[in-house]
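A.B. asks: Here is what each chain is made of, one letter per residue.
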Amino acid sequence: MTRPRTIGLPRMMKEPGEKRVFLPEFVQFLARCGLTVHVEEGYGSRSGFTFDAFRQGNAAVRQCSRRQAFEQELVLVLRSPQRAEHEWLRPGACMVSMLHFPTRPQRVERLRALGLNAISLDSIANDVNLRLVENMKAVAWNGLEVAFDLLERDWPGLRLPHGGPTRVLILGTGMVGKHAVDAAAKLGNVERYNAHLAEGGPASLAICVGRGLTRQPARMEALFRETDILVDATQRRDTSLPVVPNAWLGWLPQHAVVIDLAVDPYTLDVTPPVVRGVEGIPQGNLDQYVFHPADPAWSQTVPPSIPSACRRSVVSCYSWPGIHPEACMRHYGQQLEPLMEVLAQKGYAALAPAGGYFERALYRGSLQAFLQAGEYSARPR
Amino acid sequence: MRHEPGERRAFLPELVARLARRGAQVLLEDGYGAELGLIPADYAMPGVQFGDRAAAYAQDYVLILRCPADDALRLLRPGACLLSMLHYPTRPQRVELLRSLGLEAVSLDSIKDDSGRRLIENLRAVAWNGVSAALQVLRRTYPGGFEAPARPPIRVTLLGAGAVGVHVVVAATRYADEALRARLAAAGVPGVAVTVVDYDVTAHAAVMRPLLAQTDLLVDATQRPDPSRPVIPNAWLAELPAHAVLLDLSADPYDCSVDPAAVKGIEGIPQGNLDQYLFAPDDPAWERVPNCVDTRHRRWAAACYSWPGVHPRECMQVYGQQLQPILRTLIDRGGLANLNPDGRFFERAIARAQLSRWPPAGPAGPASDLRSSS
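Read top to bottom, the protein sequences are chains A and B.
So for the first sequence, the working numbering puts the first residue at 1; every next one is plus one.
So for the second sequence, the working numbering puts the first residue at 382; every next one is plus one.
Keep in mind that the hints are not guaranteed to be accurate.
[As the list claims (entries may be wrong)] Restraint ranges, calculated between C-beta atoms of paired labels, are given here:
| no. | chain 1 | residue 1 | chain 2 | residue 2 | range |
| --- | --- | --- | --- | --- | --- |
| 1 | B | Asp636 | A | Pro217 | 20 to 26 Å |
| 2 | A | Gln334 | B | Pro606 | 23 to 29 Å |
| 3 | B | Gly724 | A | Arg3 | 44 to 50 Å |
| 4 | A | Gln56 | B | Gly724 | 21 to 27 Å |
| 5 | A | Asp122 | B | Gln702 | 32 to 38 Å |
What the hints contain is simulated information worked out from the structure, not anything from laboratory work.
Beta carbons: idealized from backbone N, C-alpha and C, even for Gly.
If we strip away everything but chain B, and leave its shape as in the complex, we get (with noise of 0.2 Å):
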């Protein structure tokens, strides 16, 4: 994956193992794994091969975990089949691309069981890492000592209570560090209370900006249905403390080529990346946010649109071990085309997530539209 330099996710041998055990060729690109420390020796076995970036690409399945710049889609040959966190709900351009390139997908994110929970997730890593970098810095601007035993507990503030904010609530009550919390615990320090403000409740001034100036923590753990209305406004971040971190946990981008702008949740904030997650409130990086967002008002923040690739490798880990029946249902089907949608288990749920059977056939609304234009 070549998004930033800090990005060093690969899939690890165990999962290219179990694909290549299974009857699979596998290609690998050039130097692949090797920011993660590994060697072509670690992925040596019988159906695995190396390759140049084009030839990985001219596979008859390519799986990358984030989407590939467009230049490298143009890659892949008509008829092949890419698997990736492609987001179709939320990218109808690139949509538009994968189809006018004559390409099968199997969006990741968009495998679902009959329950519409998602099989290939790690949620639970954007929390953790999220809140253990936003407390890195809390304790070390928290006043009076983060480990002081005469300190009050440490407010969190989350806002949003789906599925990346319940885990927010067990990484923050465990400082996303068991080994620090049993440690506070034995020395009596008080623990933390994370008050959890649903999306809808945001828009109340009368309730938010007094619970601002009692937080320690600021969480963006939401879903907007609105992109251009922040949860929380610039201004109101001046109610917080001066010690208060903000966190951004979702990720949304800033688009002021659109009207009325796109805006991230907490108003203002930088977008980080792996190679940069933690802004102080002088960072350059404030002032390169676009124009038409206010930044006035200023916290430490943490924002990084791939919380898991802090720990690349666990987080592989997670993901191989998800992927695994995955993949030895589509190689035992002898592929996609074999796949029925009506079929086993796996099967249902990868047929939910092929980009020739998006969108799902349902009442009229955006995704209906996004077929009729296409």
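Chain A on its own, in the form it takes in the complex (with noise of 0.2 Å):
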């Protein structure tokens, strides 16, 4: 593929409660970098977007169907597409989404297999390594957000039994949980915090632990008990093991709010499986987020296997940015901006790892990149 002439964006239809589609600036903006844009039909419908609102009179924004919107040169998708959507695209399309290329090893050999191109979002990188396409800021703030509301409605102003302030326990000290900790201190929710200051509230205090601590039950039983909010922000080495076990729940007060926030799975199918950071607690999604500690969801979603008698009010989404759409999609276009600028420029044959600083991260997040790095032939099948 040469330089790319037309792009398609495809709606996002993995649950009804998800709302996120690229603004119409940023379709504007596409445009403007020489594209044809082909928008699928009802694009946006979901958050109130008419395709009037994308096209604003501009010949280069076209309304298509779902298929023809994966057959244009390039398709750009937040997250990843259905499998049979991917035989859609054309042999040397070249498909933008958040396509965990490290962790989805059949989706890589899947792409191969069809002769497909492809940039995985969560892959460009710049030369530090530092992620262009990323809202972990939203993770932690969203997840935060909907605990302290949860919180909020038993407590009123946060005035919890111990009279003292919110204690936030957080987990895990990578990019999200560094999030997490001005999101803690911050209750939230800016706006709550001004007003809960301006009352006389009693604020919050986030208390972060190292592994050094986590493997250390007798620590943690002391900490879990004065725990007002538990966020589980911890990337695993090993996520055939829990970071909490179960039985450590029953040491929160029962207000507690329990926040996953590394929204890993249940795989239980696999050698070793994949077990949850804060064992026997649902995964949510945009459509419930939610969960009571009586939510028949907890023994629909959580196989009969995994203990869970210990339970707390609990709030888990697979995709937390989702939760303000509007806000979440703004912030990626700006992220996107300058890369699809190159990209609309260059085409994806030409992207290489001595070009210009924005081509240099593109290059990285390619599946051509992926793959010569070795990372790919040296994993098992």
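Make the complex out of the two chains shown on their own, each in a separate frame, by following the hints.
C.D. replies: This is how it looks when you write it as structure tokens:
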């Protein structure tokens, strides 16, 4: 593929609550890059956008069927499309999406077999390996916002039984964990925080612990007994073991809320099995992300072999940034603009590891670079 | 950079080589990089020359990490451009001087992307170098042995959850030393618990005093809106255990010449620099703290105006990488005058940091006051 002329924007339809679409200003930006933009019929309708909002009188923005959106030279969609939809792309076309190459070997194999090019948004990184397309801040803030909402509903003004600040225990100090610290200190929402302070509220304390402590049950029990909100923001090296065994949830006060920001799945049919960081909690999505202890989702989504007797209210969502779809897509649009500009000018095949700043970053996110790095061939099948 | 003998930083040959290859004529001050152990041969390449101080400051563009002293600024030619950490928002007198000298400038700390994220920063090094220095002291002062398996978790109280603060959390939970963390974890030594207190909560004595009584390491990473109000008044330091260590990452100065006086976030601790950044409770530096400041309660303190400079080569590698696309854009565009503020990503980022565009258009406020006074 030389310089691309068309781009398709299919809708994301994994669950009804998924409302995210690239915003009209971003669609117009793509058109200014010289691309004819094919927008799937109904794009943005869940958020109240009409086609006219995207088109804005620009003849380079066109409406099309879902299949036609996948048949363009570039296909841009935030979450990876379904397996069958990959086959709609034309050989040599380029899919740009969150493809998670390192953890999705079957997807990589399929893309290769179909002769497709691909750029994984989560692999686009700068010279110091910093991701250029990410919204971890929204993961942390949206999760904390929902948890504080839940706590505040039962305890107005966050005046908890102990009378002190809300104590937020954060497990994991990676990128998400760092944002969680900031969000926890601000009660998950700056407006709430300002109003809370103005009323003389007790505010919050964020307590962070590293791996050295999470492995010591006696120390953790002391911390859990004083915790109002427990945040799992861990990135485990061994996903077959939980960070928080289900029994530990019994140490939390009854009013405590557990936030799942790690969103690892239960995958028990692989060896070794993958279990969730906090054992025995349900996994949510954009349709439902709040689970009270009596919620039927507990027995429906937690495999029977996983201990789940100890329960507290849980907030969990596979796509936390999607809670606030417009803010999320504005953020991604800003991050993507300089990248899409380069991709539109150069085309996938011409991306070089020694090119300019954004070209190098795009190259690192390409399927070609992933395959050449050797990680794929070294991976056991 | 001639700030203190301990300041050893200089841009590394890799960055200089990139500039020269891109077509820039580079003039380095005689002795450039010597404090890092670099010699002229390390910088020897086509397009690179050495010259005296005056010649270095007489170029069209002058790149220096820390802002030079006023006398050095006067060596620049009117119309020349200074690229440096200039901190426009908190240095109105500097802004005034640069303008009066007819200079253009790009403040490295103001180069930001469309979402306001700084592109030239080393806040990670601020946190990691500071925590590392403070823990070196705590390892000596901690009663019963820092590495004793039976000790409780090390208790860190962090003031401020901003951009530096979040790096402190990571650094502290890893002892700012991955090898040490792994060794202690393998030996079953409990780790570190960091309690983060937002700036607005620090005024609550009922929350803070009990917390301080259980603190081994107190870290100030706040960005205060009012420098006359300390985050931790000196009297509160009495609550801390005797072995506790104070770490200042904010680098705010004392200034008794203004009313009300400006004080550091943790009131009373000495101002450090790259020559000395560790202060025992009986260090004479405490006596040099201005008289308007209460210093009665003292603990070991770690304070440095330039924490990243503690590891100068690593620091300059980071800045060099971050500066490459910025300087490349300047060279490719043929200079600042040809930059389009609505142009591509890096053009927009540089334009936001130009002195001639400072303060940015916006609602009336302190920034607007600055403009009207010039």
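A.B. asks: Which hint numbers doesn't this structure obey?
C.D. replies: Checked against the structure, the hints that fail are numbers 1, 3 and 5, while the rest are satisfied.
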